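Asker: Chains as they are written, first to last, in our numbering: chain A, 1 to 367; chain B, 368 to 693.
Derived by calculation from the structure, the hints in this document are not laboratory data. On a predicted model such as this, the values are computed, not experimentally measured, just so you know. Don't take every hint at face value.
[What the hints assert, rightly or not] Some chain B residues near chain A, calculated using beta-carbon distances under 7 Å:
(1) Met-439
(2) Leu-442
(3) Glu-661
[To be verified] Simulated coverage check for chain B against chain A, where a stretch passes if three residues somewhere in it have a Cβ under 8 Å from a Cβ of chain A:
(4) 413-425
(5) 429-438
(6) 530-544
(7) 573-579
Yeah, the Cβ is synthetic: ideal placement off N, Cα and C, and Gly gets one too.
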Amino acid sequence: MSTEAKRPPVPSPSPSPAAAQKRKEKGTPGDNGADAARATELAPTTPGVRRELLHSMLLQRRFEERCAEAYALGKIGGFCHLYIGQEAISTGVMSMIRPDDYVITAYRDHGQALARGVNPRSVMAELFGRQDGCSGGKGGSMHIFDAKTNFLGGHGIVGGHVPIAAGVGFAIKYRRGNQVCVCFFGEAAVNIGAFHEALNLASLWDLPVIFIIENNRYGMGTAISRSTANEDVLVRAKGYRMDGESVDGQDVFAVRECMARAVERARKGKRPTLIEMRTYRFMGHSMSDAVSGTYRTKDELEENMKRDPILLLHNRIFEAGELTEGEMHKLDDEAKAIAQDAWDFADASPEPPLEKLYADVYADTSS
Amino acid sequence: MAVVTYRDALTQALREELQRDDRVFLIGEEVAQYNGAYKVSKGLLDEFGPMRIVDTPITELGFAGVGVGAAMVGLRPIVEFMTWNFALLAIDEVVNAAAKMRYMSGGQFTMPMVFRGPNGAALQLGAQHSQAWESWFAHIPGLKVCTPATPADAKGLLKSAIRDDNPVVFLEGEMLYNTKGEVPDGEHLVPFGVADLKREGDHCSVITHGKMALVAMKVADDLAKEGINIDVVDLRTVRPIDVEAISRSVQKTNRAVVLEEGWEICGMGSQVVDFIQRECFDDLDAPVLRVHQEDVPMPYAKNLERAAKPDAGKAIAAIKKVMYLD
């Protein structure tokens with residue numbers, strides 16, 4: 001079958017300089033020099049860092065394109081929610097935290113896992129339901145866990161993990177540590193009680209938690225205007241005496257800058273932050289629904305895809321003359337090769353042995 | 368052995384385990400300054416301070432989730448629900464998070480935590496405050512469920528629960544806090560999955576747990592005066608459940624009554640009867656009968672409440688029926 005046809009309509013990560021220039025002249029929001037200058041102060045980048053950011057985002061994109069392909073082939077089952085279009089958030093956030101910090105997220109979790117540094121092989125093997133998956137094939141797409149990178153899942157009940165993040169923050173405070181806990185969820189989660197209970201506790205108890213609303217404007221097929229009385233989700237921060245900030249989630253530098261402030265507030269001020277990161281998902285809610293046509297229009301999708309976060313970063317780097325087109329292609333080829341390697345590894349990994357069915361329901365009590 | 372109340376036995380267990388392991392903390396509504404809604408945590412704030420005895424707002428889902436998160440990264444929380452009726456607001460954290468975290472992470476994250484509080488009907492508290500939840504939680508793989516009936520078991524099981532590396536649902540009898548009993552001096556631990564034969568007899572087995580074990584003991588004492596001697600098998604934990612002890616007793620007496628506080632449909636007793644029919648099919652001399660709460664929400668009026676609850680009279684009638692004495 002043609003796998004290319006199954007691929008999402010992603011803009012080429014290596015557009016011509018002329019096209020980049022044209023976009024610049026049109027003044028694409030979030031793609032201007034002033035932002036970059038400001039971001040440089042709080043979250044400075046070097047050419048090397050910028051290259052790493054691009055690599056991280058490309059890896060997520062290429063990896064998930066293969067996920068879509070694997071899903072079509074029946075290699076991945078169940079629910080599978082792709083992150084394509086939102087990669088600047090995962091990459092930007094992870095680039096601003098330490099290895100000993102904690103990350104917890106909802107079910108659209110592949111991007112965060114890869115950006116956090118979870119081995120792509122173990123993520124793909126988990127999606128394939130294989131023995132070498134990070135959860136031994138018992139978790140699946142929605143439940144990526146990786147203790148080595150303090151990646152605390154992968155949770156499938158909307159909002160259910162937000163109080164858990166407060167608990168991680170509580171444990172940090174209990175131990176007098178200076179880590180932070182970053183908690184991702186979609187904008188639809190702000191209407192569920194768990195979100196409110198968690199924010200209240202985090203502020204009441206001064207917990208070092210950074211709550212990140214990835215506002216992609218749709219909770220499954222329900223637009224925010226149809227679900228949320230006040231679409232300005234940041235007012236929820238005020239309600240809990242919490243600092244809040246809204247940022248262009250397609251701009252990895254803006255994400256980093258905002259995170260720099262939140263991390264400082266958590267580490268030094270021991271205070272939580274609520275951040276709205278405005279973004280858009282380029283795929284359907286999951287693999288089982290159309291990309292557009294039912295609850296959002298093709299025009300809207302195409303308009304938003306012009307602000308592909310990978311394209312925005314690419315343009316910056318390219319315009320700064322930091323990478324040639326050839327080097328850019330090489331970076332993309334590397335990402336593709338890692339995704340291919342993950343696929344090959346997952347495909348070769350055996351199914352979990354049946355004797356594992358009853359393993360890990362309970363821990364042996366040892367304390 | 369000292370004679371102490373069920374309440375004090377629980378407090379002893381909490382104090383000893385808080386002293387033993389500084390990863391252990393208690394969190395819930397009114398547990399600190401107020402000394403606990405049922406005074407189980409009396410004095411603990413003074414001894415351990417506000418970081419380890421933590422008052423929360425009325426936010427069951429929130430603080431249960433805090434417990435889950437803290438357990439995931441290595442602390443050993445004890446989450447107190449003022450009553451288990453309120454815990455329904457937090458059931459997502461108990462069932463979807465705590466119970467499954469280890470399995471769905473392929474064993475990467477353990478959940479060493481206890482959810483505890485009073486369970487079952489007291490007196491005239493009405494429909495929303497008079498419920499026994501053990502069958503709900505016993506249904507869930509990944510959880511362990513304790514239902515202590517006596518002060519000794521309360522202390523020994525709670526200490527085991529706190530040391531267990533799995534999420535434990537610990538159901539205290541709301542009507543039991545003031546009951547007294549002997550508690551062994553020194554370190555006292557009760558293992559999970561080991562029933563206790565609270566009375567011995569050859570005529571009939573009564574299989575029970577929690578508050579109903581006290582009812583069964585009273586029934587045993589009363590029936591002994593009539594020359595009827597019954598086994599009272601107190602399960603103590605309903606997950607894991609001691610199937611061997613159930614079989615041993617029924618194979619001896621050939622008759623069984625299953626007594627529980629909850630409702631009939633999908634109650635703990637349904638499961639016990641299933642074990643009995645599988646393990647003791649050829650041993651039975653009569654159908655197994657069940658005694659449980661009537662199939663209604665708990666009414667407020669004193670007479671109706673009495674009629675709705677399982678009690679000694681209903682248990683005795685069932686025992687006599689399986690013995691063909693009625």
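Asker: Run every hint past the structure and note whether it holds.
Answerer: Right, here's what the structure says about each hint:
no., hint, in the structure
1, Met-439, "holds, 6 Å"
2, Leu-442, "holds, 5 Å"
3, Glu-661, "violated, 33 Å"
4, 413-425, "holds (count 3)"
5, 429-438, "holds (count 10)"
6, 530-544, "holds (count 4)"
7, 573-579, "violated (count 0)"
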